[in-house]
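Engineer: For the sequence shown, this note's numbering begins at 6 and goes up steadily by one.
Simulated from the structure, these hints should not be mistaken for lab results. Note that the structure is predicted; figures quoted are calculated from it, not measured. Among the hints, erroneous ones may be present.
[Claimed, not checked] Derived PhoX-like pairs (lysine-lysine); straight-line CA-CA distance at most 20 Å:
1. 118 x 84
2. 84 x 57
3. 154 x 118
4. 144 x 154
[To be verified] Computed spacing ranges between beta-carbons, pair by pair:
5. 163 x 142: 22 to 30 Å
6. 55 x 142: 19 to 27 Å
7. 83 x 136: 21 to 29 Å
8. 139 x 165: 22 to 30 Å
9. 93 x 58: 14 to 22 Å
10. 159 x 19: 20 to 28 Å
11. 42 x 123: 25 to 33 Å
12. 138 x 69: 27 to 35 Å
By construction, the Cβ of each residue, glycine as well, lies at the ideal position given by its N, Cα and C atoms.
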Amino acid sequence: MSFSDPEKNIRQLELEPGMTVADFGAGSGFYTINAAQEVGREGKVYAVDVQKELLSRIQQTARAQELSNVELAWGDLEKPGGSTLRDSSVDAVILSNILFQVEDQEVVLDEVKRVLKSGGRVLVIDWSDSFGGLGPQEKDIIPEHEVRKMFEDRGFNMGRSILAGAHHYGFVAFKQ
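Make a model of the complete structure from these sequences and hints.
Structural biologist: Laid out in structure tokens, this is it:
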């Protein structure tokens, strides 16, 4: 198993042309760009991040790859309504390597639920261990079973696990 691969992980989300996707905590934009390619010109991907300089880099990458379906959304996911997206407005949300970074995961998961359409899906990828100084410290890792329980407590249906990389876990959950 290799290190986490955004392109492979996005394929496991099974996006379709025309879908609307939100990449929460878009960071470097690897997931945003791969999702934008999957949903095509008729689809849309919102790159949501609190760091404006990272959003600017994502915009440059999207332009360089002639992806006109990427929209930037500056937002603080640790505040209710922080993504700035409308209620029930997206088909899928990507949460990659973000939960260990926030103080209140509950607020982030509530935001996922708020913006997802009924039947929408969320791809969750996070660290399963600390690897040679990369990723979070051991004390900051949130075990997969705890994250799954947080989603179940919000009424999500648990989907399949995905192969997210040697030091990551991943799964797909669906909003009822």
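Engineer: All hints are to be evaluated individually against the structure, with a verdict given for each.
Structural biologist: Comparing the hints with the structure gives:
Of the pairs offered as hints, the one joining residue 118 and residue 84 holds, with about 14 Å between alpha carbons and a cut-off of 20 Å not exceeded. For the hint linking residue 84 to residue 57, the alpha-carbon distance of about 17 Å falls within 20 Å, and the restraint holds. Of the supplied pair hints, the one linking residue 154 and residue 118 holds, its CA atoms being roughly 14 Å apart against a limit of 20 Å. Between the alpha carbons of residue 144 and residue 154 the distance comes to roughly 19 Å, so the proposed pair stays at or under 20 Å and holds.
Restraint check, residue 163 to residue 142: a C-beta distance of roughly 27 Å satisfies the suggested window 22 to 30 Å. Against the hinted window of 19 to 27 Å, the Cβ-Cβ separation of residue 55 and residue 142 comes to about 21 Å, which satisfies the hint. Distance hint for residue 83 and residue 136: a CB-CB separation of about 26 Å, consistent with the stated range 21 to 29 Å. The beta-carbon spacing between residue 139 and residue 165, approximately 26 Å, falls within the hinted interval of 22 to 30 Å.
At roughly 30 Å, the beta-carbon separation of residue 93 and residue 58 lies outside the given 14 to 22 Å, and the hint is violated. For residue 159 paired with residue 19, a C-beta distance near 22 Å keeps the hint of 20 to 28 Å intact. In this structure, residue 42 and residue 123 meet the distance hint of 25 to 33 Å, their C-beta atoms being roughly 26 Å apart. Checked against the hint of 27 to 35 Å, the pair residue 138 and residue 69 passes, with Cβ atoms roughly 31 Å apart.
Going down the numbered hints, you'll see the structure goes against just number 9.
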